[in-house]
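Throw the hints in and build the complete structure from the sequences for me.
Protein chains: 2
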Amino acid sequence: MITEVTAQQLDTESFINEKIKEIKDTVGNNTAINALSGGVDSSTVTMLGHRVLGNQLRTVFIENGLMREGEPEQVVDFFRELGVTVEIVDAREEFFAALKGITDPEEKREAITQTFYKKVFGRIVKESGAKYLLQGTILTDVDETVAGIKRQHNVFEQLGIDPKDTFGYNIIEPLIQLRKDGVRRVGKALGLPAELFERIPFPGPALSARVIGEVTPERIEIVRKATVIVEQMLKDTDAFQYMAILHEDRVTGMREGRRDFGQQIEVRCWDSIDARTATPTRLSFDKLEKLADEIINKVPGVVSVTYNIATKPPSTLEAI
Amino acid sequence: MITEVTAQQLDTESFINEKIKEIKDTVGNNTAINALSGGVDSSTVTMLGHRVLGNQLRTVFIENGLMREGEPEQVVDFFRELGVTVEIVDAREEFFAALKGITDPEEKREAITQTFYKKVFGRIVKESGAKYLLQGTILTDVDETVAGIKRQHNVFEQLGIDPKDTFGYNIIEPLIQLRKDGVRRVGKALGLPAELFERIPFPGPALSARVIGEVTPERIEIVRKATVIVEQMLKDTDAFQYMAILHEDRVTGMREGRRDFGQQIEVRCWDSIDARTATPTRLSFDKLEKLADEIINKVPGVVSVTYNIATKPPSTLEAI
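Protein chains in written order, with the working numbering: chain P, 1 to 320; chain G, 1001 to 1320.
Quick caveat, the hints were computed from the structure, so don't treat them as lab data.
Some clues are possibly wrong.
[To be verified] Here are the simulated distance ranges between beta carbons:
| no. | chain 1 | residue 1 | chain 2 | residue 2 | range |
| --- | --- | --- | --- | --- | --- |
| 1 | P | Asn30 | G | Arg1255 | 40 to 48 Å |
| 2 | P | Ile88 | G | Thr1103 | 40 to 48 Å |
| 3 | P | Phe285 | G | Gly1028 | 52 to 60 Å |
[To be verified] Which stretches of chain G does chain P cover? Using the computed rule of at least three CB atoms under 8 Å from a CB of chain P, they are:
| no. | region |
| --- | --- |
| 4 | 1244–1256 |
| 5 | 1278–1292 |
| 6 | 1298–1307 |
Quantities reported herein were computed from a predicted structural model and do not represent experimental measurements.
Even glycine gets a Cβ: it sits at the ideal position worked out from N, Cα and C.
Here is the structure:
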């Protein structure tokens, strides 16, 4: 049983000190390793880990081919400025090979999890000799896994799977009592600048969670281009999260007076405090139409754009 | 070459007199037949035909199983009050049999066209002995067919297919020079009351045009239920057209704290004068959220609702 620490209850200084002690006591003189995605959770845990462990912690960024435009380079540059060295591991071919032909969302998630842990990260961990894996799991991940919503690739322990048997290492999850708002406060207290710790949430399976149907390099490139536009145009909102989703369904459109049976992008933009409930952000129609025009004009093959108007629940933030 | 008569140019009285003369000259003492869908175009042509031909015109309503809630009965009741007898022909099994297993929109359209003309209506026409078929084709149908947008089932002549050879009868299309706004003026002048001639446009393939993927009685029932809600809630807008579309793509949702991999309904609501260009109606978010809630609560299996924010072009009004 995990005891929740709400953002209201959270005393960041004592929380950080407590976690520093726990990590130090656990890792001792051994080495630890962690994978950084560039999201709030993994960035915060990277800062926390480096504060405790310094060079005893090795941080890798696995380039799975599913990240946003320019993201691997941005993340590495960003942490370099904070004094943290991050290694990029190019594993794109392995991920796309594992995803080939898969359309079921659970199978996709499983393919990414297996490729990430067993194949790529497992290999790196074994080669590194590190015994400890630091992970940025938060309470919402656990809730959703228990409810069966998603197979979060970072909650084996909560599912009763012993990661030591399965993958050969131990998991340390210092943020597991927090939700997103708490993590942001801890990240801020650890010195992460606003532009990083205020980043909107981004899912573990990255852009593959934004593609309905088969994940191919070509389809990822379409949703990546749409994501650039959505993030650019909606960054001035106070929204909790916003995203572009590539549908598999095709819809009719016209180009130069001719039929064009094309693709549809769904935009979601959520107002939310902690991701447990959410409502669609009330964007102006000037903005919505401009967003649709930009996507249609700049993303090849897209003829139609929708905006999600459901609330969570029963919707979820991500589509798959 | 068809000469367009714009709504601005249109003198309804002389237009009607001219068409009455043309129909009378063409049909003579023979009998004619027409299929009424209840839409503006076929309703207007039914009134025009009955004014000229009286009992020489037989009007049938083919129940294809793809119509909106209660529509066959409403249409028949409506015309009964106007003194026009309409026969309902139950052809639901034939249509669903023809649509079984088909997911390609063009093949669906073709299956409906073939079932409508060759199988059901062709049989009725042959049994009736009528030599003339009256149709409500309008200029927009012809434009879109020539551009290859849709295979309108009512424009064989414009495609260079001789309907006499193909289906055994002649087509009379008195509204072919008009667009939707002109047809409404003619319908009004013919005595159709506002509630009918001001009806929003509804496609020939009916609700099958609102289902992405296979058309089954179950999937039609889902989109039919969503259509009731959309039409009820948006009837007080000044929108040109509004619709619910059932997607084939599945998205994740939650119900009672558990995962529910469910269906998505896309709502489209268009501001337009003549269907050639259109923009999404700027509905309030109060209305959009209420619409989404109603659909999710009342239509089994639906966990997500989107609103289309693209413009035509490059979008089209209908999705398939």
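Q) Quick check: the region 1298–1307 of chain G, covered by chain P? Criterion 3+ residues, Cβ under 8 Å. A) holds (count 5)
Q. Is the gap between the beta carbons of Asn30 (chain P) and Arg1255 (chain G) within 40 to 48 Å?
A. holds, 45 Å
Q.
Just to be sure I understand the hint, the distance between the Cβ atoms of Phe285 (chain P) and Gly1028 (chain G) should be within 52 to 60 Å; is that true here?
A. holds, 55 Å
Q: Confirm or reject the claim that Ile88 (chain P) and Thr1103 (chain G) have a C-beta distance inside 40 to 48 Å.
A: holds, 42 Å
Q.
Is the listed coverage of the region 1244–1256 of chain G by chain P valid when you require three or more residues with a beta carbon under 8 Å from a beta carbon of that chain?
A. The restraint on the region 1244–1256 of chain G holds, since 9 of its residues have a Cβ under 8 Å from chain P and three suffice.
Q: Given that the region 1278–1292 of chain G was listed as covered by chain P, double-check it with a C-beta distance under 8 Å for 3 or more residues.
A: Held - the region 1278–1292 of chain G has 8 residues with a Cβ nearer than 8 Å to chain P, which meets the minimum of three.
When each numbered hint is compared with the structure, no violation occurs for any of them.
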